[in-house]
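S.K.: One letter stands for each residue in the lines below.
2 protein chains.
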Amino acid sequence: MLGTKLYAPGDVRIEEMPEPTILKPTDALIRLAATCVCGSDLWPYRGANKVDAPLHMGHEYCGTVVAVGSEVTSVKPGQFVVGSFCLSDNTCPHCRFGFQSSCVQREFMTGAQSEFARVPLADGTLIALDNAPADDLIPSLLAASDVLGTGWYAAHAAQVQPGCTAVVIGDGAVGLMGVLAAQQMGAARIIAMSRHKARQELALEYGATHIVTERGDEGVAKVRELTEQIGADAVLECVGTPQAMDQALAIARPGSMIGYVGVPHGVQLDGQRLFFSQTGMLGGPAPVRRFLPRLIDLILDRKINPGKVFDLEIPLAEVAEGYKAMDERRAIKALLRV
Amino acid sequence: MLGTKLYAPGDVRIEEMPEPTILKPTDALIRLAATCVCGSDLWPYRGANKVDAPLHMGHEYCGTVVAVGSEVTSVKPGQFVVGSFCLSDNTCPHCRFGFQSSCVQREFMTGAQSEFARVPLADGTLIALDNAPADDLIPSLLAASDVLGTGWYAAHAAQVQPGCTAVVIGDGAVGLMGVLAAQQMGAARIIAMSRHKARQELALEYGATHIVTERGDEGVAKVRELTEQIGADAVLECVGTPQAMDQALAIARPGSMIGYVGVPHGVQLDGQRLFFSQTGMLGGPAPVRRFLPRLIDLILDRKINPGKVFDLEIPLAEVAEGYKAMDERRAIKALLRV
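Chain order of the listed sequences is A and B.
The first sequence begins at 79 in the numbering used here and counts up by one.
The second sequence begins at 79 in the numbering used here and counts up by one.
Hint data in this document are derived by calculation from the structure and do not stem from the laboratory.
If you're wondering where the values come from, they're calculated on a predicted model, not measured in any experiment.
Don't take every hint at face value.
Coverage of chain B stretches by chain A, computed from C-beta distances (three or more under 8 Å per stretch; other residues unrestricted) [stated by the list, open to error]:
id	segment
1	169-175
2	343-354
Sample of chain A residues lacking proximity to chain B, with all beta carbon distances greater than 10 Å (derived) [stated by the list, open to error]:
id	residue
3	D348
4	K381
5	A403
Covered stretches of chain A (chain B as the covering partner; in silico rule of three or more C-beta atoms under 8 Å from a C-beta of chain B) [said to hold, decoys possible]:
id	segment
6	243-255
7	340-346
From the three backbone atoms N, C-alpha and C, an ideal C-beta is built for every residue, glycine too.
The shape of chain A in the complex, shown without the other chains:
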């Protein structure tokens, strides 16, 4: 089969490799309907994370089950499934607390930028649809696997409430999904911080009521002006850089929560600053599995269209171009048709 490997920063290749097999009785094998490139794939692609050996890339997926291990009971061959990028048993205390992304058996999905993939912990990770979905829903179901679920978690962690003012920092796919989530949760004002025309337009389509193009101190001043100097009721930090976190801290009103979902790179928080600003924080890898049933329903009912976040659609064989286009910010997110 074809699969994607990252050999070194900037060096991502599609190549022939053996199909995955069932390794554990709790595994499932799926034939991908589509997969995609994630913003977090760009960290090693850009050399920000070390690459020791070739990495089999890809953690976002949906597709058809082709085989299951002997202990798998909730999905069977032939069913169309969607799963989280965090693999979980969905039965341990952390899963039952709603944090499947901290499952005691947690693994992170890998190798999904391929024709076939092995999904460990299939029963606790995958959700089977009653019927194969319409083809035009595939991008949205794929988005549910990570970016939609992650943006949703950011809004949830930030405690977006009906009528509130939410600010979304980051106009990547996750940030845009955060806008969608805040809108679904009833935010009255959604301020998207973005400097890119195409992303601004999509943010507005997803429910943003204001666009702030300024960054740093100017961006903070603009948000404070829009909120009558009160600050935001909820902040979604969808980047992970020190600059983005600084901005989040400067615009969150006292007593509000920052939901942060960008993997922090070089972020250090000063205890005394956090204390006196009274800023609440909750983040981490999104427990997508908690939200998946509802997200899938919203997609199948065509109430949300997260798939629009894919503004580049190419065959899996051209995966290298997908990385390149996202790295150069020519594309928000690249969908790979398998």
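Given the coordinates of chain A, assemble chain B onto it according to the supplied hints.
M.R.: For chain B alone, coordinates are given in the frame of chain A:
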């Protein structure tokens, strides 16, 4: 009148000084019924905070109104009042959001270790009792002014829920009040971390179900053992040192909140650690004013007895001994009768 001044680390003096006067139309003057020494007073006393000029000490108070400014409408001379150590107008957006400790007009109370004190923003800060309280309730009402309200906020920020397992780090007055608060909020298990016999006993009296005497890695291991390796559902961090915060992070279960109320001294938080542990955090100066009406009711109805946290009662004139006893951990908290 007699008042307390800190001249330099370790050098606290009681001395004659002029009585305070109404400086603003929103001020009230009170005659203290009692006041006390706070754990946070020990930071400058121990030289951890810089002392540039003599500081008029004291921010915990209750007593009788003797005069009010022309704009004060909610309290009047002769009434017995309790107020927060954070002065607030209780009308600004932050106050209405429940964070009076971030009031746009916020000031911190000073000069309460005296016979008389000026309370700015009297309408938004003070609560008048219908009648003068019984003398034996004075210590509890005084505790409501800061330590009780602060422990209560820690439990609230940590999202203590009925049936949950809460861990309280710190066996000072605030930690003990955190135990009391967690008990009132219905926690099923309350683990108090304490190495001091007298404090352990008080913690048990206030509702602690378990005492952990170990610290550092051993303390963490003990809590993890008590929680079947899951970690705590809610953590109250009532110290403010890097060691205490480290301990809190190590015992909080994924998705839980740390409510932290000790002013952080040298605490730096690593973004990536917070992210992958999925620990939520909310802290800061307690919005005591939010909780005061309920706390006063609980005290007047004799449902709680926070005043027991004062294990040393001396005349105001002996304030220096109060500081010394607390610094040497001979006393949990010193009440000064005026």
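S.K.: If a hint holds in the structure, say so; if it doesn't, say that too.
M.R.: Quick rundown of the hints versus the structure:
1. Chain A is given as covering the segment 169-175 of chain B, and this holds because 3 residues of the stretch bring a CB closer than 8 Å to a CB of that chain, at least three being needed.
2. Here's how the segment 343-354 of chain B fares: 11 of its residues keep a CB closer than 8 Å to some CB of chain A, so the rule of at least three is met and the hint holds.
3. The Cβ of D348/A sits about 6 Å from the closest Cβ of chain B, inside the 10 Å cut-off, so the non-interface label is violated.
4. With a closest Cβ-Cβ approach of about 27 Å to chain B, K381/A is found to remain outside the 10 Å limit, as its non-interface label requires.
5. Taking the minimum C-beta to C-beta distance to chain B, about 27 Å, the non-interface status of A403/A holds against the 10 Å cut.
6. Counting residues of the segment 243-255 of chain A whose beta carbon lies closer than 8 Å to any beta carbon of chain B gives 0, which falls short of the minimum of three for the stated coverage.
7. Under a criterion of three residues with beta carbons nearer than 8 Å to beta carbons of chain B, the stated coverage of the segment 340-346 of chain A is upheld, 6 such residues being counted.
Consistency note: the structure conflicts with the earlier hints numbered 3 and 6.
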